[in-house]
Structures are given as C-alpha cells and as structure tokens.
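Student: Residues per chain, in single letters:
Number of protein chains: 2
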Amino acid sequence: MKNDRFLRALAGQDVDVTPVWMMRQAGRYLPEYRNTRKQAGDFLSLCKNPELACEVTLQPLRRYAFDAAILFSDILTIPDAMGQGLYFSEGEGPKFKKLIRSGQDVDELPDINIADDLAYVTDAVALIRRELNGSVPLIGFSGSPWTLATYMIEGGSSRDFSLAKQFLYDSPEAMHRLLSKLAKAVTDYLNAQIEAGAQAVQIFDTWGGILTSSAYVEFSLTYMKEIVARLIRESESRKIPVILFTKNGGQWLETIANSGCDAVGLDWTIDIGQARQRIGRKVALQGNMDPAILYASPDVIRREVASILESFGRANGHVFNLGHGITPQVNPDHVSVFVEAVHEFSGLYHSL
Amino acid sequence: MKNDRFLRALAGQDVDVTPVWMMRQAGRYLPEYRNTRKQAGDFLSLCKNPELACEVTLQPLRRYAFDAAILFSDILTIPDAMGQGLYFSEGEGPKFKKLIRSGQDVDELPDINIADDLAYVTDAVALIRRELNGSVPLIGFSGSPWTLATYMIEGGSSRDFSLAKQFLYDSPEAMHRLLSKLAKAVTDYLNAQIEAGAQAVQIFDTWGGILTSSAYVEFSLTYMKEIVARLIRESESRKIPVILFTKNGGQWLETIANSGCDAVGLDWTIDIGQARQRIGRKVALQGNMDPAILYASPDVIRREVASILESFGRANGHVFNLGHGITPQVNPDHVSVFVEAVHEFSGLYHSL
Chain L
1 MKNDRFLRAL AGQDVDVTPV WMMRQAGRYL PEYRNTRKQA GDFLSLCKNP ELACEVTLQP
61 LRRYAFDAAI LFSDILTIPD AMGQGLYFSE GEGPKFKKLI RSGQDVDELP DINIADDLAY
121 VTDAVALIRR ELNGSVPLIG FSGSPWTLAT YMIEGGSSRD FSLAKQFLYD SPEAMHRLLS
181 KLAKAVTDYL NAQIEAGAQA VQIFDTWGGI LTSSAYVEFS LTYMKEIVAR LIRESESRKI
241 PVILFTKNGG QWLETIANSG CDAVGLDWTI DIGQARQRIG RKVALQGNMD PAILYASPDV
301 IRREVASILE SFGRANGHVF NLGHGITPQV NPDHVSVFVE AVHEFSGLYH SL
Chain H
1 MKNDRFLRAL AGQDVDVTPV WMMRQAGRYL PEYRNTRKQA GDFLSLCKNP ELACEVTLQP
61 LRRYAFDAAI LFSDILTIPD AMGQGLYFSE GEGPKFKKLI RSGQDVDELP DINIADDLAY
121 VTDAVALIRR ELNGSVPLIG FSGSPWTLAT YMIEGGSSRD FSLAKQFLYD SPEAMHRLLS
181 KLAKAVTDYL NAQIEAGAQA VQIFDTWGGI LTSSAYVEFS LTYMKEIVAR LIRESESRKI
241 PVILFTKNGG QWLETIANSG CDAVGLDWTI DIGQARQRIG RKVALQGNMD PAILYASPDV
301 IRREVASILE SFGRANGHVF NLGHGITPQV NPDHVSVFVE AVHEFSGLYH SL
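Residue numbers (our numbering), protein chains in the order written: chain L, 1 to 352; chain H, 1 to 352.
The hints are simulated quantities; they were obtained by calculation from the structure and are not laboratory data.
Don't take each hint at face value.
To list a few chain H residues with every Cβ distance to chain L over 10 Å, as calculated [what the hints assert, rightly or not]: (1) K2; (2) D14; (3) R34; (4) R63; (5) K95; (6) G156; (7) N316; (8) V337.
Okay, the calculated beta carbon distance ranges per label pair [as the list claims (entries may be wrong)]: (9) H:R177 to L:S297: 15 to 23 Å; (10) H:S102 to L:D107: 40 to 48 Å; (11) L:K98 to H:A229: 37 to 45 Å; (12) H:D107 to L:R303: 22 to 30 Å; (13) L:A306 to H:Q104: 45 to 53 Å; (14) L:Q39 to H:Q329: 49 to 57 Å.
Chain L stretches covered by chain H per the calculated footprint, using a threshold of three residues with CB under 8 Å from any CB of chain H [stated by the list, open to error]: (15) 153 to 162; (16) 192 to 205.
Each residue gets a CB set at the ideal place from its N, CA and C atoms; glycine is no exception.
Looking at chain L on its own, in the form it has when it is part of the complex (with noise of 0.2 Å):
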C-alpha cells in the first residue's frame, strides 16, 4: 500500500504525520458529488448504483490528500434490505414506510442473505479496492443495532426518540430481539465488506448517545461488542481494524475502549488530551474537530487543528477527523485547509 498511515495509526504505530479522513467526505459539499448524483436520480439510487457509488467515494481523494477512502453508502441499507422500505423526502431525511411497533413486526421482520439482498454494497467495495490500486486503505461502515432500531421504529428522524425509547422500556424483550436480529445483520454485511476488500471498518453509533448510561450499556454497546467479537479480524495478512463512534458517547469512553475495538471516534465536546489520558494507550483515538469549524476563516480552522494536535501531543494512536460528519453548506477550499493544516502541523509530533 502506497499510504499507510491510517492502519498504522490505528495499530498504534509510528507514523511520519497524523492521518486524516473525514466523516461523510463524499457528500454534498462537492459540486461534483451534486452532479454526480443528479446523474443518479436521487440518493438511493446512487447508493444502489456500485460504478456511481464508486466515482463519489473517489472523488474527494482526487480533490485532498486525504488518507483514507471510505465507502459511499447510508447506514440504513439493512432495514431497507429487511423490506422496511427506505425512501428519501427532500429536506427531511431517511424515512421508512413500514415501522416496527411490536413484538410481532420484530418477529415478522426477515433474515437477510447479504450475499442477495446488498449485493450493491459488496459490489462498490470491490469495484473501490481495484480503482483505490493501493493508494489509500478503504474503509467500509454501518450504523449500530440501536441507531438501526431507532430509525425502524420513529419511522425517520426524531427530535426525541420517544417511540423508540417507550419500546425500549415497555417492550425490552421485544427490543432485544430485534437488537440481536440486527446485530447478526451487521456482523455479516460487514464481515461481507471485509471479504470484499474494506480494510477497516467503522460502526456509527449516531443515537447511542441519547440513553441514560445504562440503557447505552444494555441497548447499545452490547450488540456492538458482539459484533466486533465475531469480525474477521485478519485479511489479506493484514489486521483489520475496528472503529466505533459513538456520538455524544464522551461520558462512557472507558466503557467503549473496553469493548475490543480497536479505535474510539470522538465527537468534538470532549478534549481529545483528556480522553488520551482516561484510556492510555488501550486503543487508537479518531477526531475530533467540531464540524461548524469548517464554516470559520482558513486561519481559524488552522488554529483549531494545530489546538487538537498539540491536546492529543506526542504520542502514537491518532487518526485526525471531524467530530462528526462535514455539512453541505462548507466551502470545499477550507478542506483543503483542514487536510493540509493536520498534515503540516502534525509532522513535530510524530518521529518516523
């Protein structure tokens, strides 16, 4: 591999400089995202579409010296695979047409074949991997049991998740049955990811952090851990790392370094020196630039990702990102800021 950076980072490794990627790097912030998805139709549909799914994915790389590619796709393939009906209203984000209410439509829900059912997604990586030729590592995803369940049961979106949450505390059984159908969904399709050539993955928990505490522990982080307990670890004589994001998950950060991952995703409220100091060196740290960053001037983002590093200091185990996914209304200039600013300031940290 030409560019290794992000897997030696992740294993804790030396490295010239920090490594840098960005949550949703291809998305619509770039023109040539936009055009590419008008050629689409609409998003599903470019998700669905492997050669276009391919093109998005690459086109930030092509543009910043970014050092990781990461699959193009949503995190709701599975519910829409499971028949749930995914569609995209403009302005309003993922909705579903069928909805989880009960017991039964837990029960009722089928088991998917990833092999059939997201041939789509498998098909991307690979086509990714063969036109990435080495360059960078691709990484592939998918959204967390809970975050899935949420989505299944608001139907959508939710100000405060209060369905998902009555059916977590009415119905918990039900809730865990359809947990443990998720999470076995989840272990295939990213293990069939793995087969097809990603060589990291990453589970956004994007909801976890709207429990209490122990509701994250039982509803959230456990099928997470299960799922990372039955990865393929190894490819391609390779280990194959595994990133876990929990928004707003700051206050629960040795609970989730504990879960044999090996890199935690940090949003950008907690200070990415005082999460290196609760968890040492036990895994690799991935943040954590508050996103609305973006929207200051090149030399306020400049400021903030010299802050970051100097908070993180010298010491191995750092993947440079945002906090959480790049907005649409960005600049794409101040990017190249970001990726040039994490690159030029990073090298007095690191001794390779």
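Position chain H relative to chain L; hints supplied.
Tutor: Just chain H now, with coordinates in the frame of chain L:
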C-alpha cells in the same frame, strides 16, 4: 413556609423525602394549560399576561404534590425586550424577526430596563408568590447568555448551530460583547425576579452542550459564573440558591460545580451516583430521569425512579427532576406516578 424540602435539599440539609419538581411542569401535557393558552390567544400573550401566567404556574400544583413551583415564562423574553421581535410559528418553535449577524448588530442592541421592559415577568412572580401563600417555594429562571445568543444569531432553533458557531469562531470579540450584554441583562432580570419574590433561580443553558469543552468554558460558563457572582444571594432572611443546568454538560461536571452555584442540574445521560462521586458534597444535584420514560408504563416509571434514588444513595443534596422538560404527549396520570414514586421510595434514604 409549609414545605421547604426543595430549599433544604439545595442547602444539603436533612429532609424527610426527596423533593421533586419537573422542568416545563406547567405545559402542554395538561389539558387545563391548553385551555388557558387558548384563552390567551397564543403562547407569547400567555407569557405576557401576569394573571394567566400565574394560573398556569399553579395548575400542576393542584394536580401533583410537587415541592416547588416554577415561574411560567419563556427563556427568550430578554432578546424580545431588546427588540428582536420574538414570535412563535406553529410547530417550528421560537423565531426572531431581527437577527444578530455582525458586531454592528451587537453594538446596536439596546440596553434594557427590567422594571419597564419586563414588568410582566416580575408582576407574575409577585402574583404567584401571593397565590402560593407559603405552600412551596417559587423558582425564577432565565436562559443562559450563550443559549440566548444562539437563538438571536440563528433566528430560532437550529440543527447544527452553524451560524452561531461561525460567529463565535470568526468574530470572538463581537461574540464576547454580545454575551457580556446578555450576562448583564440576565443578572438584572434574575435579581428583579428575586426582589419580586423568587426564592431560588435556575439558569437554563440548553445549548452549552453543543460546544467544545474549551469553547464551553470561554463562551458559556464564564458568563454564568459572572451572573452567579452578581446575584442577590439572600432575601427574606433565606439564602437564594442558584441552579445551573447545562444539557449535555455531564463531561464538564466538576467545572460547572466550581462556578459558585448551589446545585447542578443533570440531564439523563449521566449516572447520578457517579456524578455524586465526582463532585462530592460541593453542590447539590438536580435530576435526572429521562423524560421519555414518562411515556412508558407506570411500573417502568416506578422502577426508574427507584433506580435513580438508589444510585444517589443515602446522602443529602438531591432534588429529583427530569433530565430535560416534560414533552406535550405525556399522559398526565404518569406524572402522578412519577411524583408519588419519588416521595414514596425516597423515605428510605433519609432519616428525618
């Protein structure tokens, strides 16, 4: 005062049972509130009418054995008094006609005079105190400077607060001028509420938790500390306790507890027993049941109340509350279950 449990708990004194109140306890989940609001015409007219504001403040106390009343008002009365033109559009929450988008906008904001501009609030406080007639203490409140600033810049609620953050990062001096002006107004506002009869005050920092930890200290906590230092802290020969509530502030608990406040309000994402361990007896703690648990069955509500009481344990300094405001769809009968469970189960942990 007939029932001073709330004030005793805030002072870390012995109580017979744990006192309880609920953020947004006067609100849309109550049919009598919806009737009064209809009578007022709209939400803002209800806030601005002292008799009707008094009526809705008292409504939950007629139904439930709450240990405190909280002034019914809106957190955005100060920017409204500054001429920003607060209005409410159905289903979309608060909006402002004028926006703060530059340092010049900040400098043109008028200084307000509470006695003239917010007499409807202090009149309501005086009236509620008279009507309460010593039954339970009355809590006054304000939004925090940072939280007020986010609404004034964004023009309403926001998904990612990109405008407020851009202002903060690109124009930190102008942001500090805005926050200073708001801190002065909030101080005068809370002191006027205390002079009119409020026996405790709470500062709602609803949006502090969206900042990085260093920005939280610089742009939110600093101004809340400044306010706390300038509040009237004794009235009618009793101490006036101050509660700071930062939603998603669990990671910064120690820093918040060192602000000079008497109590820290906790959202539901933190275990209250761990919070108690982290800060010792320095301040009282208020919270922290997930408001979504009120959607669950009575048994689940009772179990969660018991679990929070057990986690806090045999110690003084706990005011029971939700971790955020009650939501409109809650069944009013579930609130009875909640309040009664707190009183019934907490006797075990107290020796009075």
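Student: Now look at each hint and say whether the structure bears it out.
Tutor: To see whether the hints hold, each was checked on the structure:
1. K2: H:K2 clear of chain L: closest Cβ-Cβ about 34 Å, beyond 10 Å.
2. D14: Holds: least Cβ distance 28 Å, greater than 10 Å.
3. R34: The assertion about H:R34 holds, with a minimum of 19 Å to chain L.
4. R63: 22 Å, holds
5. K95: 17 Å, holds
6. G156: Correct as stated: the minimum Cβ-Cβ distance to chain L is 14 Å, above 10 Å.
7. N316: Non-interface label stands for H:N316: nearest chain L Cβ at 23 Å, farther than 10 Å.
8. V337: 13 Å, holds
9. H:R177 to L:S297: 15 to 23 Å: At roughly 19 Å between Cβ atoms, L:S297 and H:R177 fall inside 15 to 23 Å, so the hint holds.
10. H:S102 to L:D107: 40 to 48 Å: 58 Å, violated
11. L:K98 to H:A229: 37 to 45 Å: 56 Å, violated
12. H:D107 to L:R303: 22 to 30 Å: 25 Å, holds
13. L:A306 to H:Q104: 45 to 53 Å: 30 Å, violated
14. L:Q39 to H:Q329: 49 to 57 Å: 43 Å, violated
15. 153 to 162: holds (count 3)
16. 192 to 205: Answer violated; 0 residues pass the 8 Å Cβ test.
In this structure, the earlier hints numbered 10, 11, 13, 14 and 16 are contradicted, and the remaining ones agree with it.
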